[in-house]
Each structure stands twice: as structure tokens, then as C-alpha cells.
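Please construct the entire structure, taking both the sequences and the accompanying hints into account.
2 protein chains.
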Amino acid sequence: MITKQSEIGLIGLGVLGGSYAQALSSAGYEHITAVEIDESSVALAKEKGWITKGGDDPKLLSDCDLVISCLYPGVFVSWIEEHQDVLKRGCLLSDVTGVKRVICEKINGILREDVEFLACHPMAGREFRGIRYADAERFKGANFIIVPTEANSEEAIETMKTLAEDMKFKTIAVLSPEEHDRMISFLSQLTHVIAVALMNCNDNTDLARYTGDSFRDLTRISRINEMMWPELFVLNKDYLVSDINAFIDELTDFREKILNEDTEGMKQKMIQSTSRRACFDKERN
Amino acid sequence: MITKQSEIGLIGLGVLGGSYAQALSSAGYEHITAVEIDESSVALAKEKGWITKGGDDPKLLSDCDLVISCLYPGVFVSWIEEHQDVLKRGCLLSDVTGVKRVICEKINGILREDVEFLACHPMAGREFRGIRYADAERFKGANFIIVPTEANSEEAIETMKTLAEDMKFKTIAVLSPEEHDRMISFLSQLTHVIAVALMNCNDNTDLARYTGDSFRDLTRISRINEMMWPELFVLNKDYLVSDINAFIDELTDFREKILNEDTEGMKQKMIQSTSRRACFDKERN
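Chains as they are written, first to last, in the working numbering: chain V, 592 to 876; chain G, 592 to 876.
Since the hints were derived computationally from the structure, they do not count as laboratory data.
Listed below are the simulated DSBU-like cross-link pairs for lysine-lysine, each with C-alpha atoms no more than 30 Å apart in a straight line:
1. K731(G) with K639(G)
2. K752(V) with K697(V)
3. K848(G) with K828(V)
4. K761(G) with K637(G)
5. K595(G) with K679(G)
6. K697(V) with K679(V)
7. K848(V) with K697(G)
8. K731(V) with K639(V)
9. K595(V) with K761(V)
10. K650(G) with K679(G)
11. K679(V) with K650(V)
12. K697(G) with K858(V)
13. K752(V) with K595(V)
14. K639(G) with K595(G)
15. K650(V) with K752(V)
16. K761(V) with K637(V)
17. K848(V) with K828(G)
18. K731(G) with K637(G)
19. K848(G) with K697(V)
20. K639(V) with K679(V)
21. K858(G) with K697(V)
22. K828(G) with K858(V)
23. K639(V) with K759(V)
24. K858(G) with K828(V)
Structure, rendered in C-alpha cells:
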């Protein structure tokens, strides 16, 4: 079991790695080590008191009881392929990636047998990159999803639950990789595709001065990290493409109702959307 | 020219009519008359001191120098057909409807020659109906669009500018009916169609507890007034259907890039959406 005195390792000090370092140090974890190739990020984390050790050498992690990769999916897999020999026997490995079926399969396929991998997804990403945008406060309204496979121990699940509680996540849930990826496809990936497509379908910048809150809210996430999302979309493409198709079908159906001036049909759709949307109100969840 | 002592008439005391009554009375307009068939709305407006006279008889408006219809488009046209004989010779007629080409054509086609109609669109609608949701505070961040045709006088345009300033609208702009309808199709109608379609494309209410801000922001407007919007969509269907088609084309293109694992192509689209979205930031407008 992990305690506040355990050695915790982080791989990557970007916006999420930095926020983890901040949240864990605030929660009283005493030994936090970060491996990060960007020196200035390491320096900043030390200066803020978020980490006790840091540098670009993977060997820094060799005493860690828990190591959390805060890398993008592909980089995480490569890192494990190259550097997993530095991990301590019996250590617990976790991550923060936004897709899980492929990651669980790839990591479990290459990982040493004496290291356990438990996938996790802190749903607190943001459109900005780098430790300068790290902000553990954002965890307070966010969901933390633990995504075990049959290979995982109860102890590992309990450890990550405790860690998420200590980092002040609002809700902690356990989902299978399939459930996770299906949920993330609809709630997160599809919405990002929609926002990007809306922004790109028309050179609309001359309309900016007339913009109201509806358009702003809908397109906020079209300001997007282009280094991360294409990879996440590809790694979840079966579910995502199926969601995009269902959405296009629904749009097409709505368009036909407009063309046919079928106001009654539109009304029914709006009554349904209004009633479904009420289930998503913040107060209710 | 209208002054604070002029007789101002409102037709309809719904959420917008009520907000107009509130904003105008707060601005010091001394004589505000409302025609509204719902007695309780009239009573509430009187109780709050927003109107000086009110009732269901159109004749109440016979002394008004300015009459503003706060009715839905079709009801507005019918009202003019039936009751325009009560309007004072030389009075200015305005409205609040969300589509303009059809309204200008229809109203100007039937209106008495001694009454001038100047279309206006206060872009401050909300998803709730009725005077109980009236809130003139919402005008402070909102746009007011004046939509003249060749038939309008400069004096009428100046009058409505002054009125919008007095009601504390943030930005006042003048657009032709075509420019207005094209802008509203893209910025407002298309976004509502998207939100409704997203909410309806999947029975997703079991996912509510995992919802983050992205999905909530994108679907906020799927809680929608089904009595008003179908009519607005139909009255603007040429522009709206063309915008829906452009959006579906862009979505389809994005879907193909996911299927082909074309991460470079997706990156380019995200770089474009990020840079365009920056033009819509609140601070910049």
C-alpha cells in the first residue's frame, strides 16, 4: 500500500504531470520524483516545491513504489519499451491517457511481469500545454476514472482511489476499458470534433463581433491541442466514427424536417433534447 | 423623435417583452403600454412598475408614437393583419424577431402607408419563456441589430439606436436583412441545430455522471423553446440548410481523416480552428 512516505514517480511534467505534482505535494506526499526532458519544467516544479527530485534520467525512478506516466499514449508506450528496466520490482505503474483499450493491451503486452499496470483517466484536461498551466484546483470539479482489466489487483485499485481522493477529484468511478472508451468517444471526442468542424466549415471570423454566448460556448474547445487529440481519435476510431455517423444521421434528419417545413417533427425533437439535457445539469450530478 | 415622455407600446409581455418593459422603465420612459392576452403577465408588469397601462385590447396602443411587437414572427404578421387599424398615424413600428428577410417583406407588404416598420433584433434570447424570466440585465452583454430596408428613414434608425442605448445593449449594429439572416443562420441557428442533434443522436442520459464542462457547454442550448425555433428555422431555411450542409461536409471530411489515420491532416484542421477561435474571444470583441 502507498503511504504519504512512499516514493512517487511522475514521467512528464506537462500540464497534467505538473498538476499531479502540485496536488500530491499539497496532499502531503513527501517524496515526489519527476522525469522530464525539459529542464525548465523541472526547475519550476522544484521552485514551487511540487517535487523533491527531478531530471531527465529515467533511473531517478528506480526507488519508486508508484510511477505515473503523464505522457501522450504513443510516447508512453515507447518509454516503457525503452526504459522499463529502471522500474522497481513490484512497483505499480499508472497513466493519464484519454483512451484505454489500446493502451491496456499494448502496455500489458510488453510490461515486465513483476510490475502491475493500472490505467487511470483524470478527466481534467485543458486546451493549454505545459507546466505553466498546471492547476490542481481544476481537479476539484473533475471525474477520475479507474480502468482496470482482469489482470489488476484490488490493492492497486484501492491505491489509485486513495490517490485520487487525496488529489481532491470530485467523483471517482471504475469502468472497463470498453465502457471508458465508449463514454469518452461520445462525451469528449465527438464534442471536440464538432467544435473543430464548426469552426472550420466557414470562414466566419468577420462575424466575431456579433457572437453571443451560444456560439462561444459551443466552440470553446475548438481551441485544441493538435499534438494530442489526433492520436487519441485514431486510437478510439471505431467508437468515434460510429458516434460521428450517428450524429450526422441525426443532423440529416433534422435538415430534412427543416426542408419539409415539418415544425411538428422539429418540436418533438426539441422536447426530447430539452428533457434529456435536464439530466446533465450540474446540480443533478 | 421619441422622448422619455413619448407613449411607447409593447405587444406581448413574454420574456423579451417583459425585459423591454423593465429596461425602458428603468431608463426613465414614463408612458409604457402593453397589450398582452395573459392577465397575470400584465398584472406582474404593473406590480413591478414596468408599465403604466396594460390589457388585452389592441386599442390601448392608439396613442403610441412607437409600438414594438415582442411576438413570434407568424403571430406578429397576423396581429398586424387584424389590428393595424388601431395604430396612430405616423407611428413607428418595430419588432424583436430572429429572422428578417421574410418579416420585412411580409410586414411591408401589408402595413398601412402612414406607419413605418423598422425591424430590430435584440440578440438576448433565452431558453425560458414568460415574463417571470424577464431580466433586462441580460441586455448589458448583448448585441442589438437594426435591420433597415430601403423604405426606412434615418430618423427611425436613430430612434431605435437611442432606444437600444437606453436599454443598455453592449453593441448596436446595422445590417441588411440578408446580412442579418446569414449571420444568424451561422452563429445562432446552426449552433442550436447542432446542440439538439447531439442530444438526440444517442440515448446518453446514463453517461450524465461522467459529463465534463465541454459537453455541458456544447449542449446547454439543446434545452430549447420548441414553440419558437421551428418557425425561425423554416423562415430562414435557405441559409440554414446551406450552413448545415457545409458543416456536414466538414464533419465527413474529418471522419475520413480519422478513418485514414491522417494525423497530419487533423493537426492542420486543429491549427486552423484554434487560430480562428481566438478571433471570437470575448476580450477581443
